[in-house]
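Chains B and F, in that order, are what the protein sequence lines are.
First residue of the first sequence: 1, per UniProt numbering; consecutive thereafter.
First residue of the second sequence: 1, per UniProt numbering; consecutive thereafter.
Rather than coming from a laboratory, the hints here were simulated on the basis of the structure.
Misleading hints may appear alongside valid ones.
No distinction is drawn between identical chains; accordingly, a pair holds when it is met within one copy or between any pair of copies.
[To be verified] Derived lysine to aspartate or glutamate pairs resembling EDC-like cross-links, with alpha carbons at most 20 Å apart:
no. : residue 1 : residue 2
1   : Lys107    : Glu40
2   : Lys251    : Asp73
3   : Lys301    : Asp214
4   : Lys251    : Glu280
5   : Lys301    : Glu70
6   : Lys90     : Glu104
7   : Lys301    : Asp208
8   : Lys88     : Glu104
9   : Lys170    : Asp208
10  : Lys88     : Glu12
11  : Lys62     : Glu112
12  : Lys88     : Asp153
There are 2 protein chains.
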Amino acid sequence: MKNINIKDLARELNLSVGTISKAFHDSYEISEDTKNRVLETARRLNYVPNPYASSLRGRRSKNIAVVIPEVADSFFSLAINGIESVAKEKGYHVLICLTHESFENEKTILQEFQGGRVDGVLMSVSRETSESAHILNLMGNGVPLVFFDRVLDEIDTAKITTDDFESGYKATEHLIQQGCDNIGFLGISECLSISNRRLEGYQKALNDYHVRYDSQQIINCTNDAVQNDILIRELLQGPNRPNGIVATVEKLTTPVYRASEALGLNIPADLKFVCFSNLETASILNPSLTTITQPAFEMGKIAATLLFKSLEKNDFNLSKESQVVPSRFIMRGSTI
Amino acid sequence: MKNINIKDLARELNLSVGTISKAFHDSYEISEDTKNRVLETARRLNYVPNPYASSLRGRRSKNIAVVIPEVADSFFSLAINGIESVAKEKGYHVLICLTHESFENEKTILQEFQGGRVDGVLMSVSRETSESAHILNLMGNGVPLVFFDRVLDEIDTAKITTDDFESGYKATEHLIQQGCDNIGFLGISECLSISNRRLEGYQKALNDYHVRYDSQQIINCTNDAVQNDILIRELLQGPNRPNGIVATVEKLTTPVYRASEALGLNIPADLKFVCFSNLETASILNPSLTTITQPAFEMGKIAATLLFKSLEKNDFNLSKESQVVPSRFIMRGSTI
DNA sequence: CTGAAAGCGCTAACAG
DNA sequence: CTGTTAGCGCTTTCAG
Numbered sequence: 001m002k003n004i005n006i007k008d009l010a011r012e013l014n015l016s017v018g019t020i021s022k023a024f025h026d027s028y029e030i031s032e033d034t035k036n037r038v039l040e041t042a043r044r045l046n047y048v049p050n051p052y053a054s055s056l057r058g059r060r061s062k063n064i065a066v067v068i069p070e071v072a073d074s075f076f077s078l079a080i081n082g083i084e085s086v087a088k089e090k091g092y093h094v095l096i097c098l099t100h101e102s103f104e105n106e107k108t109i110l111q112e113f114q115g116g117r118v119d120g121v122l123m124s125v126s127r128e129t130s131e132s133a134h135i136l137n138l139m140g141n142g143v144p145l146v147f148f149d150r151v152l153d154e155i156d157t158a159k160i161t162t163d164d165f166e167s168g169y170k171a172t173e174h175l176i177q178q179g180c181d182n183i184g185f186l187g188i189s190e191c192l193s194i195s196n197r198r199l200e201g202y203q204k205a206l207n208d209y210h211v212r213y214d215s216q217q218i219i220n221c222t223n224d225a226v227q228n229d230i231l232i233r234e235l236l237q238g239p240n241r242p243n244g245i246v247a248t249v250e251k252l253t254t255p256v257y258r259a260s261e262a263l264g265l266n267i268p269a270d271l272k273f274v275c276f277s278n279l280e281t282a283s284i285l286n287p288s289l290t291t292i293t294q295p296a297f298e299m300g301k302i303a304a305t306l307l308f309k310s311l312e313k314n315d316f317n318l319s320k321e322s323q324v325v326p327s328r329f330i331m332r333g334s335t336i
Numbered sequence: 001m002k003n004i005n006i007k008d009l010a011r012e013l014n015l016s017v018g019t020i021s022k023a024f025h026d027s028y029e030i031s032e033d034t035k036n037r038v039l040e041t042a043r044r045l046n047y048v049p050n051p052y053a054s055s056l057r058g059r060r061s062k063n064i065a066v067v068i069p070e071v072a073d074s075f076f077s078l079a080i081n082g083i084e085s086v087a088k089e090k091g092y093h094v095l096i097c098l099t100h101e102s103f104e105n106e107k108t109i110l111q112e113f114q115g116g117r118v119d120g121v122l123m124s125v126s127r128e129t130s131e132s133a134h135i136l137n138l139m140g141n142g143v144p145l146v147f148f149d150r151v152l153d154e155i156d157t158a159k160i161t162t163d164d165f166e167s168g169y170k171a172t173e174h175l176i177q178q179g180c181d182n183i184g185f186l187g188i189s190e191c192l193s194i195s196n197r198r199l200e201g202y203q204k205a206l207n208d209y210h211v212r213y214d215s216q217q218i219i220n221c222t223n224d225a226v227q228n229d230i231l232i233r234e235l236l237q238g239p240n241r242p243n244g245i246v247a248t249v250e251k252l253t254t255p256v257y258r259a260s261e262a263l264g265l266n267i268p269a270d271l272k273f274v275c276f277s278n279l280e281t282a283s284i285l286n287p288s289l290t291t292i293t294q295p296a297f298e299m300g301k302i303a304a305t306l307l308f309k310s311l312e313k314n315d316f317n318l319s320k321e322s323q324v325v326p327s328r329f330i331m332r333g334s335t336i
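Work out the full structure: start from the sequences and follow the hints.
Here it is as structure tokens:
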């Protein structure tokens, strides 16, 4: 019933707690024989050191946090797997914290970390995040932080991103080459780095190919699915209906398909559609979906690896370690 | 790492640490005036109590764990949201631990909890789990545990499941009514509760409708996508190709669709397909997918609520609290 | 090689 | 109303 602790173990073995602790950490001060005895009895009695006591004493928690908007999203869940794979190797635990795209939540979560709950943070900011004080605050307290995917430009630390501008450009260029001359853009935020860079790529492509740019065709989607449905429908039944759409996040896929169907628009004949997405089902949608697919697992891995480097040596300068990893453009039935 | 602590605060305010602590916990012993002063300076100095010190002292961590096979799965990611919504309300943190369907991982994770890392556990067992010693061990140490979805029958605690038998039955019955007379079943484990109950429902339906039962048509899928592709292809190009399939987990959707396409089989004309799935994209697949959809969010919520009840009062008997919540059967294009 | 003891930051019982 | 103090379980000097 009662969690057995180091003292119980010591009593059991007629040793001091200090010796036990050292044996556990494989200290050179302890004889092989004693180490074995300790390890063996520990196993027998099911002794597991209390992590909070260790954290308190050692001033490091052996926990890192992953702060993300949402877990029900292929990109983030794959990234988590990447992060976890390296954390495990380092003997660290991963705390997954969800902001649900709310800036308030994000602030609260980071604020909590001020108490020393985690040794480092991996983060993708919420769609509402435009200020950086809460992050700078935490970093100022010595907690290293690495961004992945959704970054805050003004913060000086490692940022693992994909080639958002190029991808936005390529997606748009592709639509143009497929004959679209009126292309809509579905963003998710006016302050979000990824949304803006992808938008810039989109704008550049329109410009390069002399396709009309119309700010009316740029929709800022919300965090509310019902509201998004309305926005998308409005776009698709408006007087100036686009014949191509670039969407910046996976969760916009279903609404666009459904709205098209409801309005009797055929994809790709009436409307060509490209989406930034890691959906496994992209290839079996009706029609199969042309995507910009990010190396999610890899990005998580890279970000985590950098974080651990900075955890391991204090003089490691994260701000020189940003990386841009390329996305893959996968052409499928929704645009051809 | 200049994390400010309660002592610093005390010095700043010319108060004792005891007073600060009490002020923080809104003790009746402390004057309003002092409380305000404390709270105000705490905010100003960015003081956040060290959670590990509190945990150590109070012998409760204010953390619960969610032990699941995988996060890149709609059911589990939705369930996490449900769990999180109640944990937040209770001021608890959620540790998400992934077994990746490995029994070894699962054991290691639960073993770690013996140290007191979490106050309670919500769990869906791995596909490999057939023994229960590791779980009983933890529960024996006073850590309450609630199962959701994938349970271990022999363990006496609350289990939040869906009507797996009935759903398996209904799915199969539907296929039969649509004219299938040779129905395959894709399971994921021979020891997994959900897989087995769904299988039993399938068998009962075959029996009730006098449809031939052939154990060759029951495939145990693995945790390896490549291997699964092979198994599914073998089934679909074998001499005794089924004209209907019931699959027990979401991740089998893409392989089945792709294999069918590769082999020139039309869904639903040549092969009708039902899948247990919470995929948001089910309705826009080609063809849209008939699913058994579980109330994932709700299940997470129920399971978490029960766990907190048992955390709040020791005499709460979890073993009397199991619930079966109904799934929804959603007929779509893959079977009609 | 082993043991004793001083904390890590916080809470709560007890004293004033 | 506020202060003092004894630990929670563990690690880590320092002594032996």
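Hints and how they fare:
1. Lys107 to Glu40: Answer is between: at 18 Å across copies they meet the 20 Å cutoff, but 46 Å inside does not.
2. Lys251 to Asp73: Both, since 8 Å and 15 Å are each at most 20 Å.
3. Lys301 to Asp214: Neither, since 39 Å and 45 Å both go past 20 Å.
4. Lys251 to Glu280: both (13 Å within a copy, 9 Å between copies)
5. Lys301 to Glu70: Both ways: Lys301 and Glu70 sit 18 Å apart in one copy and 17 Å across, limit 20 Å.
6. Lys90 to Glu104: Result: close only across copies, 18 Å inter versus 31 Å intra.
7. Lys301 to Asp208: Neither: 36 Å inside a chain and 51 Å across chains, both beyond 20 Å.
8. Lys88 to Glu104: Only across copies: Lys88 and Glu104 sit 14 Å apart there, 30 Å inside one copy, limit 20 Å.
9. Lys170 to Asp208: within (12 Å within a copy, 56 Å between copies)
10. Lys88 to Glu12: neither (32 Å within a copy, 40 Å between copies)
11. Lys62 to Glu112: both (16 Å within a copy, 13 Å between copies)
12. Lys88 to Asp153: neither (29 Å within a copy, 30 Å between copies)
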